[in-house]
Amino acid sequence: MIKKYTVEFEGQIEFYEQYLKVINPVLTYDEIFRNNTDGIVNGNLLEFKLNMFCASRYITYNREWTERSRIMKSADGANRFFVDVKSEKLSQFLLKCLLFTCLEMQNHMRSFYGTDNRFYRNEICLDTTNGETLASKDLKKLTVTVKEKELLDIWKTILKWAKKTNNYNDKLTYGTYQIFVELNTFTADEETGKSKPDYPELNGVLKTLKQKVKEYYNCEIVPTLFEYEFLK
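Residue numbers (my numbering): 76 to 307.
Any given hint could turn out to be false.
[Claimed, not checked] The list that follows gives simulated cross-link-like pairs (lysine-lysine, DSS-like), each with its CA atoms no further than 27 angstroms apart:
# : residue 1 : residue 2
1 : K231      : K246
2 : K307      : K148
3 : K215      : K287
4 : K222      : K124
[Claimed, not checked] Across the chosen pairs, the derived CB separations fall in these ranges:
#  : residue 1 : residue 2 : range
5  : I134      : T240      : 46 to 52 angstroms
6  : K239      : Y195      : 21 to 27 angstroms
7  : Q167      : R145      : 25 to 31 angstroms
8  : E304      : T262      : 43 to 49 angstroms
9  : K289      : G268      : 29 to 35 angstroms
10 : D228      : K148      : 15 to 21 angstroms
11 : T218      : T240      : 19 to 25 angstroms
12 : E276      : R155      : 41 to 47 angstroms
13 : K164      : K269      : 49 to 55 angstroms
14 : N242      : K287      : 23 to 29 angstroms
15 : T240      : Y195      : 19 to 25 angstroms
16 : K212      : F187      : 19 to 25 angstroms
FYI, nobody ran anything at the bench for these hints, they're computed from the structure.
Keep in mind that this is a model prediction, so the values were computed, not measured.
Don't be surprised by glycine CBs; every beta carbon is placed ideally from N, CA and C.
Using the sequences and the accompanying hints, generate a full structural model.
Written as structure tokens, this is what we have:
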């Protein structure tokens, strides 16, 4: 770990230590963190990190022990990947990855007020109640098929029920993770001791989304991750 950059986001330094030589061998840490507080200085890095997140979810959705023992994350196909990104061959695939990332239940993205009194808005989500997000703007370029429409319709239903919860804050921009952990609350049943959802409709549609996202991921994203050796 480089002490100079210990204030950066957890895991960010490790990411660059592992993949920087593959992406751009002449790029320095100083350039990365001077040009952008998120550590992203060009589109290639953003696209690369998005795909690495998608690759990291493989075992979550494919839990068989055979998969755990034989599948690994890789960057071996990165050069070929970037060539095809530049030619725009992968434009729709990248948008599918963005949609998946927005709807994935464990992306750990939130809107919040920091201890520095600044407001940090979640831009990687589809909640446009308070205006477009970076993700919602980009996803306008996605060619929406029946599969994407189904996911987007489920999201709209989730947001509708989320807004009816007691903890909902209309000043925040919500993604699925924040809705799941902050709004989809449970109460212990006094007789059985088992937890019951305070908002059954919201809980039910979140479960539906989780299953549909899994199906979408395995069908629309995983094959390309293997093709470019993000998984191997």
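Handout entry: C-beta pair N242, K287: status relative to the range 23 to 29 angstroms that was hinted
Key = 25 angstroms Cβ-Cβ, so the 23 to 29 angstroms window holds.
Problem - Distance restraint evaluation - E276, R155, Cβ atoms, bounds 41 to 47 angstroms - result: For R155 against E276, whose Cβ atoms are near 46 angstroms apart, the range 41 to 47 angstroms holds.
Practice task
Please work out if K307 and K148 have their alpha carbons no farther apart than 27 angstroms.
Solution key: Satisfied, since the Cα-Cα distance of roughly 7 angstroms is no more than 27 angstroms.
Practice task
Given the range 15 to 21 angstroms, decide if the beta-carbon distance of D228 to K148 lies inside it.
Solution key: 32 angstroms, violated
Exercise for the section: Using the Cβ atoms, figure out if T218 sits within 19 to 25 angstroms of T240. Expected result: Given range 19 to 25 angstroms: violated, Cβ gap about 33 angstroms.
Handout entry: F187 and K212 - C-beta distance against the hinted 19 to 25 angstroms
Key = The hint (19 to 25 angstroms, Cβ to Cβ) holds, given that K212 and F187 are roughly 22 angstroms apart.
Practice task
Confirm or reject the claim that Q167 and R145 have a C-beta distance inside 25 to 31 angstroms.
Solution key: 29 angstroms, holds
Problem - K231 paired with K246 [C-alpha distance capped at 27 angstroms] - result: Holds: K231 and K246 sit about 18 angstroms apart, inside 27 angstroms.
Practice task
With 21 to 27 angstroms as the target window, see if K239 and Y195 comply at their CB atoms.
Solution key: With a Cβ separation near 25 angstroms, K239 and Y195 satisfy 21 to 27 angstroms, so the hint holds.
Practice task
Return holds or violated for the Cβ distance of K289 and G268 against the range 29 to 35 angstroms.
Solution key: About 30 angstroms separates the Cβ atoms of K289 and G268, which means 29 to 35 angstroms holds.
Practice task
For the pair we were handed, K222 and K124, check the Cα-Cα distance against 27 angstroms.
Solution key: This hinted pair holds, its Cα atoms lying about 24 angstroms apart.
Problem - Satisfaction of hint between K287 and K215, Cα-Cα up to 27 angstroms - result: Holds, at about 21 angstroms.
When each numbered hint is compared with the structure, violations occur for hints 5, 10 and 11.
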